[in-house]
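S.K.: Can you build the whole structure from these sequences, using the hints too?
Number of protein chains: 2
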Amino acid sequence: MRWWQCRLAAAVALAAAVLALGAVGPRSPAPLRFAPGGRFKVALFADLHYGENAWTDWGPAQDDASDHVMAAVLDAEKPDFVVYLGDLVTANNVPVANASLYWDRAISPARRRGVPWSTVFGNHDDMPFEWPPEWFSPAGVPPVHCPPAVPAMPDPGCSFRGTPRVELMTAELDRACGLSRSSVGPRELWPGVSNYVLQVLSRERPEDPALLMYFLDSGGGSYPEVVSCAQVTWFQSQARFLNPDGRIPELVFWHIPSTAYVKVAPKATSEVRKPCVGSLNEEDVAPQVAEWGIMCSLSLRPSVKAIFVGHNHGLDWCCPYEKLWLCFARHTGHGGYGDWPRGARIVDISEKKHFSVNSWIRMENGSTHSHVTLSSARFN
Amino acid sequence: MRWWQCRLAAAVALAAAVLALGAVGPRSPAPLRFAPGGRFKVALFADLHYGENAWTDWGPAQDDASDHVMAAVLDAEKPDFVVYLGDLVTANNVPVANASLYWDRAISPARRRGVPWSTVFGNHDDMPFEWPPEWFSPAGVPPVHCPPAVPAMPDPGCSFRGTPRVELMTAELDRACGLSRSSVGPRELWPGVSNYVLQVLSRERPEDPALLMYFLDSGGGSYPEVVSCAQVTWFQSQARFLNPDGRIPELVFWHIPSTAYVKVAPKATSEVRKPCVGSLNEEDVAPQVAEWGIMCSLSLRPSVKAIFVGHNHGLDWCCPYEKLWLCFARHTGHGGYGDWPRGARIVDISEKKHFSVNSWIRMENGSTHSHVTLSSARFN
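Chains as they are written, first to last, in the UniProt record's numbering: chain A, 1 to 380; chain B, 1 to 380.
Hints may be right or wrong, so weigh each one.
[Claimed, not checked] Which chain A residues face chain B? A few, computed with CB under 10 Å, are given here:
| id | residue |
| --- | --- |
| 1 | 133 |
| 2 | 223 |
| 3 | 242 |
| 4 | 370 |
| 5 | 372 |
[Claimed, not checked] Label-pair restraints from in silico Cβ distances:
| id | chain 1 | residue 1 | chain 2 | residue 2 | range |
| --- | --- | --- | --- | --- | --- |
| 6 | B | 57 | A | 56 | 38 to 44 Å |
| 7 | B | 130 | A | 354 | 44 to 50 Å |
| 8 | A | 139 | B | 137 | 42 to 48 Å |
| 9 | A | 284 | B | 56 | 35 to 41 Å |
If you are wondering where the hints come from, they were derived from the structure by calculation, not from laboratory data. For every residue, glycine included, the Cβ atom is placed at its ideal position computed from N, Cα and C.
M.R.: Here it is in structure tokens:
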């Protein structure tokens with residue numbers, strides 16, 4: 001991003017922080033807080049898949065279209081927060097030495113509007129680059145686009161390759177203008193990287209968190225699609241520490257559905273019937289490869305209201321499972337498989353009286369559908 | 001390697017160079033030259049597969065066993081040159097941040113004895129690391145072995161991963177003690193890296209090359225298993241420039257058999273019959289995924305006497321194809337699939353009167369077998 005873009009984003013963020021809190025500058029990110037009226041609205045951008053086939057016409061065109069979807073959703077909904085729910089890029093396909101350039105484009109719509117965001121990794125974000133076999137034919141290999149800082153003699157490291165998760169996340173944080181709430185997570189959970197918790201402070205009781213958002217790396221790309229035992233243990237200790245009596249409602253975000261999604265999925269028909277709510281049921285759930293206890297841990301906590309995932313572009317439903325909801329986002333990017341119209345799941349949390357989570361899908365064309373209340377339990 | 005090891009290797013190389021040429025120092029590698037008597041003997045070390053399952057007992061034990069095979073062959077044959085014929089490491093399995101440590105171990109038997117060598121890449125050398133799914137169970141992830149220079153705070157780049165070809169080759173050249181004749185090859189042939197030509201000078205006519213050795217990268221690992229169109233064009237231009245009238249005999253080395261090997265392979269039986277010569281025929285040829293003309297180019301040149309490949313551990317034959325020979329090496333390393341006894345193909349070239357190429361297999365236990373004459377055509 002150019003310096004003035006960062007300045008502009010910082011100015012927007014500063015104005016928002018000043019309005020909200022009085023005097024928190026943009027360099028020390030303001031804590032997340034419910035907006036006046038006790039609402040906190042989150043937009044989920046899932047499966048953007050930036051960077052596909054940049055050596056063709058249709059690759060760059062679909063990236064432009066993805067920019068447009070996010071702009072339409074952000075301008076219509078004006079969310080307080082954005083969650084980028086994995087597969088921001090298609091790393092097996094990006095013709096650059098470092099996919100963080102495409103990653104940066106994916107987060108720029110939130111940044112440009114001064115909206116704080118966080119990201120989790122999908123299975124395409126740090127995939128190794130897959131060399132098209134036809135590049136070894138007379139067609140040859142197109143030139144790699146190296147960073148401008150590379151000197152005349154090509155950097156040996158400048159080649160088509162996947163970009164490791166830590167490198168993507170570090171680049172995001174370097175260019176965040178103080179707006180990213182992402183993290184590289186505890187070292188002991190690597191290769192899973194996007195493991196962290198965000199607290200959203202109450203509007204009514206300024207010192208108290210009124211919502212916890214857990215982000216987990218569900219793997220894929222450079223390693224198996226799984227939430228590990230180590231992540232389960234880490235989640236349990238975080239939850240015990242931050243929310244010992246379960247008074248604070250909790251939401252969970254990761255990319256690849258767990259096997260529990262298979263159990264609750266609507267039967268093989270394009271219709272989504274009660275108790276599920278949604279508009280797309282066009283394919284089978286593609287779950288993680290193993291289950292090491294995260295669903296058991298989550299379903300035992302009444303404070304956990306819902307899990308949100310992406311990954312399946314042809315599914316956009318929410319279904320109840322035990323005492324919580326399992327939700328798909330909506331395919332947001334024009335990259336990736338499927339021709340279903342693009343949109344974004346909105347999650348609107350209210351801390352007023354009866355804590356509640358409402359959700360709907362905002363389409364690129366401005367319409368909304370699939371409204372559902374994910375929780376009406378009283379927590380405070 | 002430690003400084004004294006490099007010094008020792010350099011001293012051996014210097015002594016050899018002084019004996020051979022008089023005054024060429026070890027820092028400017030002596031040109032390769034036929035030994036007194038007009039012989040040039042090459043040992044092929046194929047499929048060493050260092051670094052497998054280092055977190056178990058059997059992984060390190062098989063690497064020790066591979067050290068022993070190479071030592072036995074080198075001490076029995078005393079070759080003038082070693083060709084490392086790909087799959088030096090099993091990069092999808094090495095528990096280090098940079099596989100060049102294992103690569104270095106693979107080439108150290110030649111270096112320690114002051115024998116010059118060169119390397120080509122196989123399909124396992126720069127594979128992405130494959131995370132064992134059981135590491136996400138309660139067993140957990142074993143600690144990654146980072147280079148000692150990494151400070152107390154772990155380097156974000158220090159993780160299990162594949163090491164790119166250029167990085168492996170650059171590390172080899174940095175620690176070669178002037179003995180490596182490998183190269184990263186022309187930039188325009190990347191992602192194929194091990195593309196270069198070595199000239200071996202005549203003993204009788206000191207200025208004239210009496211043998212050309214072509215090394216080609218047959219792909220695999222991070223990109224498809226193929227010799228590209230661009231490599232074919234490069235080979236043709238090199239051959240035209242270095243050997244315009246085809247007077248100099250030529251040998252060719254790469255890792256993965258071309259589809260022509262499938263055509264000449266002995267029928268499905270463990271026996272190898274004339275005109276093929278060998279002792280192992282225990283599996284199907286696993287060829288490259290496409291053929292973009294390299295076999296056509298090679299078979300049209302009467303100066304090309306033989307091609308040597310590795311890759312298939314259960315094959316060790318040579319078979320005639322058009323006017324040249326297609327040969328497998330012998331599985332040298334204790335890493336990789338198969339329980340056939342380990343050994344190395346020896347290629348003994350004579351420039352005397354009738355140029356000739358004799359070959360046999362030297363086993364770890366000291367025996368030899370499968371003697372074959374690959375050429376008796378007169379070139380000079």
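S.K.: Hints numbered earlier in the text: which of these fail when held up against the supplied structure?
M.R.: 3, 4, 5 and 6
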